[in-house]
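2 protein chains.
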Amino acid sequence: MRILLIGAGGVGAAFAAIAARRDFFEAVVIADYNVESAEKAAVADDRFSAARVDASSADSVTYLCREHAITHVMNAVDPRFVMPIFEGAFAAGADYLDMAMSLSRPHSEAPYEKTGVKLGDEQFARAEDWESVGRLALVGIGVEPGLSDVFARYAADHLFSEIDELGTRDGANLTVDGYDFAPSFSIWTTIEECLNPPVIWENGEWRTTPPFSEPEVFDFPEGIGPVECVNVEHEEVLLMPRWVDCRRATFKYGLGDEFIEVLKTLHKLGLDRTDKVKVGGVEVSPRDVVAACLPNPAELGPRMKGKTCAGLWVIGKGKDGAPRSTYLYHVVDNEWSMQEYGHQCVVWQTAINPVVALELLANGTWSGSGVLGPEAFDAVPFLDLLTEYGSPWGLQEL
Amino acid sequence: MRILLIGAGGVGAAFAAIAARRDFFEAVVIADYNVESAEKAAVADDRFSAARVDASSADSVTYLCREHAITHVMNAVDPRFVMPIFEGAFAAGADYLDMAMSLSRPHSEAPYEKTGVKLGDEQFARAEDWESVGRLALVGIGVEPGLSDVFARYAADHLFSEIDELGTRDGANLTVDGYDFAPSFSIWTTIEECLNPPVIWENGEWRTTPPFSEPEVFDFPEGIGPVECVNVEHEEVLLMPRWVDCRRATFKYGLGDEFIEVLKTLHKLGLDRTDKVKVGGVEVSPRDVVAACLPNPAELGPRMKGKTCAGLWVIGKGKDGAPRSTYLYHVVDNEWSMQEYGHQCVVWQTAINPVVALELLANGTWSGSGVLGPEAFDAVPFLDLLTEYGSPWGLQEL
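Chains as they are written, first to last, in my numbering: chain A, 1 to 398; chain B, 1 to 398.
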């Protein structure tokens with residue numbers, strides 16, 4: 001297996017640090033628009049090399065694949081670049097993995113009721129082409145989407161006879177020393193995903209709601225405790241119902257009431273806008289100004305404290321037919337990930353899952369063709385290998 | 001009386017519209033840095049003329065005073081320009097009026113406990129000079145400070161034998177059609193005054209508190225209803241105890257919980273900063289970006305609905321020695337002020353008070369020398385003349 005890792009940002013660099021400890025691959029070419037970031041990440045292992053790539057250009061991706069005889073393209077950049085990388089890998093005859101999916105566009109008339117273009121629609125429209133040439137695009141294989149989808153498969157196969165709801169629930173108790181307010185992830189992206197109309201699967205169809213709908217306090221395990229969660233647009237809701245029978249699928253993000261209030265305020269004041277406004281003699285995008293006023297999340301690892309939890313709350317009937325409500329989850333402590341890998345817990349937890357998936361593809365445990373989500377594969381070997389990597393998952397009856 | 005009105009912004013233009021209906025003066029020279037604004041305001045009356053002024057230059061003010069034989073300088077610009085206008089008037093031998101006072105600077109070590117340089121300190125430091133030449137500087141004669149201070153004098157002379165608290169309370173129920181969030185006054189100035197340490201007079205001394213302290217729901221009269229009020233730095237607290245015996249003096253602003261949340265969020269994200277940050281290739285002040293994203297308050301009058309209330313809550317013992325709690329207030333309905341004068345209620349309510357004061361000075365009812373607040377004069381003729389102008393005040397026992 002020869003991997004082209006596109007993106008040497010937070011998640012890409014953590015991917016490299018995790019992969020460096022495994023022997024299932026022959027080479028990883030780490031490519032970034034900023035070649036110095038790629039070179040920095042590539043020092044971790046002799047099998048790593050660095051390259052420059054323009055992720056907005058399918059040709060640039062295809063060229064690199066051919067140059068390095070790439071078998072698998074691992075997309076670790078911003079979802080704006082999903083389609084060119086996906087197409088570039090296809091043209092080069094390589095398999096493809098990402099941790100998000102192609103972007104949505106709201107319904108033009110009823111954005112908070114009906115879906116327009118959904119997350120992943122552009123990729124699924126190409127599924128037959130991938131299948132016909134026997135190539136695999138494994139989409140949404142980070143932690144959420146990713147591990148959450150593996151949990152859905154596991155619940156359906158081994159825990160439940162009937163599923164009412166597959167509810168992904170994400171929460172953390174992270175704090176950052178020295179800052180009143182310091183998001184541990186890009187505020188630009190958070191604004192984007194939280195202000196898009198959240199999508200819900202219910203009774204055989206997808207629909208949308210207004211942002212921050214259906215607030216719910218979820219009690220997260222391992223000492224994180226109760227966090228206010230709200231509906232957010234996320235890939236799981238589009239992936240799970242394609243392979244796992246369920247009456248309802250939701251994603252709720254434990255933003256906490258403080259963060260929700262900040263996002264609502266930014267929207268109310270028009271500070272989430274990406275188009276430019278005139279300010280004195282210059283023009284700037286207000287959202288860029290907001291990002292410039294906050295600390296860079298990639299540099300916060302050493303000041304962060306606490307744990308992050310990704311998981312899936314499954315409600316339905318157990319194998320014995322009795323009502324069952326179970327939370328399957330994965331917690332990472334920032335102190336541990338910083339000490340073990342030098343990467344903060346949020347990016348580390350995202351990055352470990354595609355490494356596990358690639359190892360299963362390399363040794364033939366997982367195989368397939370077409371555009372598939374993580375729930376299209378057997379969950380047990382994935383969860384076993386995750387535990388073998390030193391990062392076990394948990395299960396709690398609710 | 002020959003008046004130099006400096007500033008043809010919202011309040012200055014409303015001052016001109018109100019003064020045009022009175023005959024106590026010979027001439028008003030309306031001066032602004034932007035001479036077109038001055039010319040626009042000057043068309044209201046034959047006795048008005050327009051001029052250009054640099055309000056940051058005392059010499060520019062003195063020159064205009066001498067050129068037009070000015071007897072009274074009326075300062076209607078941003079409080080950053082109080083000192084040059086105050087000094088320029090003094091040098092020209094003119095009397096002076098303003099609607100704010102010279103600015104404060106926080107205590108360097110304990111900003112939220114102790115006062116540093118207080119509002120008006122720089123002006124009061126010059127009081128003897130004004131007194132020795134027999135000239136008057138009447139400071140803080142808008143609505144708040146201004147009418148609120150007149151109420152303090154009235155309460156002490158006619159309603160109370162002993163005063164525990166002089167609590168200015170300002171609230172409104174204004175909405176702006178077509179906007180989720182549209183402040184009816186400058187967001188730049190509101191951030192400045194609300195994020196400065198609020199000052200309180202208690203037991204014979206001034207002290208400060210953290211911003212937004214001592215939240216209290218005050219029930220405003222004439223249908224405005226309950227509004228959340230918090231401590232804000234304001235001139236009344238510095239003025240009233242100099243002339244009126246009281247155990248405590250406070251100012252609480254009915255910002256409402258939504259506006260308070262917005263201001264706290266802007267501060268938390270560093271978006272209240274006035275120094276410039278780099279954003280891509282340009283540099284901007286985040287507070288200017290916030291202002292640029294919001295509608296211009298001067299243009300909102302026709303879309304505004306509701307009433308604004310300024311007043312003073314007095315707690316103590318009545319003339320009969322029994323406990324008494326009375327709110328003295330002045331309410332302006334935006335629909336009325338727009339129809340009658342073409343100016344929105346917040347600026348109109350500010351502007352009427354210095355016109356009334358100038359009329360009392362012109363006819364000799366009020367006289368004095370030195371640096372004096374409105375509470376240094378007899379309140380009754382002021383309140384009677386305000387009513388005669390068609391804008392009566394009210395009184396409510398609480």
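Some hints could be false.
Each pair may be met inside one copy or between any two copies, as identical chains are not told apart.
Listed next, the in silico EDC-like pairs over lysine to aspartate or glutamate satisfying Cα-Cα at most 16 angstroms (straight line) [what the hints assert, rightly or not]:
hint	residue 1	residue 2
1	K268	D177
2	K276	D288
3	K268	D180
4	K114	E165
5	K264	E67
6	K268	E222
7	K40	D59
8	K278	D288
It should be emphasised that the hints constitute simulated quantities derived from the structure, not laboratory data.
Taking the hints in turn, this is what the structure says about them:
| no. | hint | verdict |
| --- | --- | --- |
| 1 | K268 <-> D177 | between (29 angstroms within a copy, 14 angstroms between copies) |
| 2 | K276 <-> D288 | both (9 angstroms within a copy, 14 angstroms between copies) |
| 3 | K268 <-> D180 | between (21 angstroms within a copy, 6 angstroms between copies) |
| 4 | K114 <-> E165 | neither (20 angstroms within a copy, 57 angstroms between copies) |
| 5 | K264 <-> E67 | neither (47 angstroms within a copy, 54 angstroms between copies) |
| 6 | K268 <-> E222 | neither (36 angstroms within a copy, 29 angstroms between copies) |
| 7 | K40 <-> D59 | neither (25 angstroms within a copy, 61 angstroms between copies) |
| 8 | K278 <-> D288 | both (14 angstroms within a copy, 10 angstroms between copies) |
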